[in-house]
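Got chain A sorted already, so can you dock chains B, C, D, E and F onto it with the hints?
Protein chains in written order, with our numbering: chain A, 562 to 695; chain B, 562 to 695; chain C, 562 to 695; chain D, 562 to 695; chain E, 562 to 695; chain F, 562 to 695.
Please note: incorrect hints may appear among the correct ones.
Heads up, the list lumps identical chains together, so a pair's fine if it works in one copy or across two of them.
[Stated by the list, open to error] Under the rule of at most 27 Å between Cα atoms (straight-line distance), these lysine-lysine pairs were calculated in the DSSO-like manner:
id, residue 1, residue 2
1, 586, 654
2, 654, 587
3, 654, 616
4, 609, 654
5, 587, 609
6, 586, 609
None of these hints come from the bench; they were simulated from the model.
There are 6 protein chains.
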Amino acid sequence: MTSAFPPIADSTASPEVCAVFDDIKKTRDTDYINNFWRVLANDPATLKRVWGGLKEVMAPGALDPLVKEMLYLAVSITNGCAYCSHSHAVAAKGRGMTAEMFSELMAIVGMANQTNKLADGYRVPVDERFENLF
Amino acid sequence: MTSAFPPIADSTASPEVCAVFDDIKKTRDTDYINNFWRVLANDPATLKRVWGGLKEVMAPGALDPLVKEMLYLAVSITNGCAYCSHSHAVAAKGRGMTAEMFSELMAIVGMANQTNKLADGYRVPVDERFENLF
Amino acid sequence: MTSAFPPIADSTASPEVCAVFDDIKKTRDTDYINNFWRVLANDPATLKRVWGGLKEVMAPGALDPLVKEMLYLAVSITNGCAYCSHSHAVAAKGRGMTAEMFSELMAIVGMANQTNKLADGYRVPVDERFENLF
Amino acid sequence: MTSAFPPIADSTASPEVCAVFDDIKKTRDTDYINNFWRVLANDPATLKRVWGGLKEVMAPGALDPLVKEMLYLAVSITNGCAYCSHSHAVAAKGRGMTAEMFSELMAIVGMANQTNKLADGYRVPVDERFENLF
Amino acid sequence: MTSAFPPIADSTASPEVCAVFDDIKKTRDTDYINNFWRVLANDPATLKRVWGGLKEVMAPGALDPLVKEMLYLAVSITNGCAYCSHSHAVAAKGRGMTAEMFSELMAIVGMANQTNKLADGYRVPVDERFENLF
Amino acid sequence: MTSAFPPIADSTASPEVCAVFDDIKKTRDTDYINNFWRVLANDPATLKRVWGGLKEVMAPGALDPLVKEMLYLAVSITNGCAYCSHSHAVAAKGRGMTAEMFSELMAIVGMANQTNKLADGYRVPVDERFENLF
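For reference, chain A alone in the conformation it holds in the complex (with noise of 0.2 Å):
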């Protein structure tokens, strides 16, 4: 499979997208830029746009940040998104996330794909005590 457009490596990166690649390096403290970002560098402004999204939902906040990891994976999963189960998966790893948790999460994944369908096909109703949520 050829990407859509061709990675973009540093040494041709215009001055708008190293300052987004030095921010995501600062950011994981990390070297490694890893295709998804590289890629979506062929357009600057989604690069910029997306990445600063990322940034904000991902930091520290009322959920630690392995159980925010571990939702991104579920969801990514569940999308059938091979790239992003890959990635999420590797940086849930790297936060914590050990062979257990992970086969707990697949578990969970597979059963609300297989209940999410019986309830949908069963068409049953919506409790009364679930409406209202906060």
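Okay, now just chains B, C, D, E and F, sitting in the frame of chain A:
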């Protein structure tokens, strides 16, 4: 919307169905059986199998119960399952999910759905370092 | 929910639309035209094309009509399409689907949605013996 | 693509895993354990639960085994799961699915995916007569 | 259906939320803030980030605004998102989408969903000449 | 990956298949028949029906051909269909889609997938003014 089968009331439940309902009540420490199980009870074998599986998957393990409920919720929202999104949001709240935590979860669900499609559409090749997980 | 276009009544249907409605009635041996076709009739070319295709696909062949309706239903549930899940469930019932058969269909839909995600998330490689089909 | 966990060989399988593998071999009257179960075997609890559920769901019942495999296949294709589409196509063929039957199944899968989106996009209201099923 | 959070009225909006609402009104030359933004306003950071991103993405560029709205609509229908299908259909109409154009869009959405599954299910290999894009 | 059926070469095509291949070549002003049609040709009825439908849907109309290809592409990416994402990206490029236009299309696909889930997960009620379309 009418469910495919009418919900089974306690008064008309077979002993097999009652046994599952009792286990749900005991496991969840509640007197309330939600519509999902009452509709599923029209097929006692499926009721028993799905409840047994769910109970096992959601039991305490390497992940804490709140994280499990939030993973379930994130998958259900991604699949657009209204019933499960309602029921698991309430379940997660019951286990301690605050409005702030829900908002962070939603931000991640939205972001992951965005980058999943960007990775797919740009056909980003999986980085070699993401190939192996465990 | 209001449909994107109002349903077309017999009294206001153009000759082109009437011809399709007549063919639906004749093919299905009924006087009832369901909402799907009446809304689609706002675009006569699409009405004609989609009805023609559906008629061909659902005609008796190597698979019997009940099996065809159940396949249609399983796909519609998987896609979360409420309209098609309702209409094809009734159509399948009209061709002989019992409550027991529907329950088995639902169990398979649920199970397949579960294992589809397990296979994806665990990135299970396709066995060599599954590579060739026909 | 590397699987998330390495497949478990017979020689390194725990007694718990061996028991499931033996049941798969006996139930399917084969000596071959496919990759799905060997990768799942890294989490023996999930292996046992999912195999137990699948065995129950796919057992002879009101629907014949070939119909069950074709329903499984139609769902797997709709979800874009390459592994399950491959394995259940071969399983269906083993139960008698001919090339002609597969082609009819594919025609239905395609048609249903088309009309599912037409019904959604045109927001077709569910006909009153489709409201009740059983 | 009750929203997860109540919509935020102008009278109770914080200055941060008001600033976004004002920018929406100015950018869209309207006094109306639709429910999506009012519900999102319960999480001001997400409101600001998502609105900022949407404003950038939908701004005039190489594609004209009507084409952008129709792309948005086609994706929303494919995902079965009722809210976005409604809001972006009206937005597209406001930019000049006629009934005829909407019907053509729907025909394409339906056809693409059909052939997407045919290509997947028949496992059609990508032609060499389709490998490289830019 | 091996296709479910081998692609049909010109030399082994039946007269019925040849007639469709000839129409594809004439309509598209090319000598090249891509793999999708060659694999589909194993089921001549489906080949004829799907090609006939696609030809009608993609013919010049109220929307210009480039817009039609981009809508097709946006849907295919959203569905994660690798084959159609490749083939329709090349087709769109052949009709004038520049790298800049593709990047804008991708930004919209990503954004729509994000807000689709935000609207679903926050259960945003459809505004009254969005209820009626045509």
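Verification of the hints:
1. 586 - 654: within (19 Å within a copy, 34 Å between copies)
2. 654 - 587: within (20 Å within a copy, 35 Å between copies)
3. 654 - 616: both (18 Å within a copy, 26 Å between copies)
4. 609 - 654: Answer is both; intra-copy 26 Å and inter-copy 25 Å each pass.
5. 587 - 609: both (15 Å within a copy, 24 Å between copies)
6. 586 - 609: Intra 14 Å, inter 25 Å, cutoff 27 Å: intra and inter.
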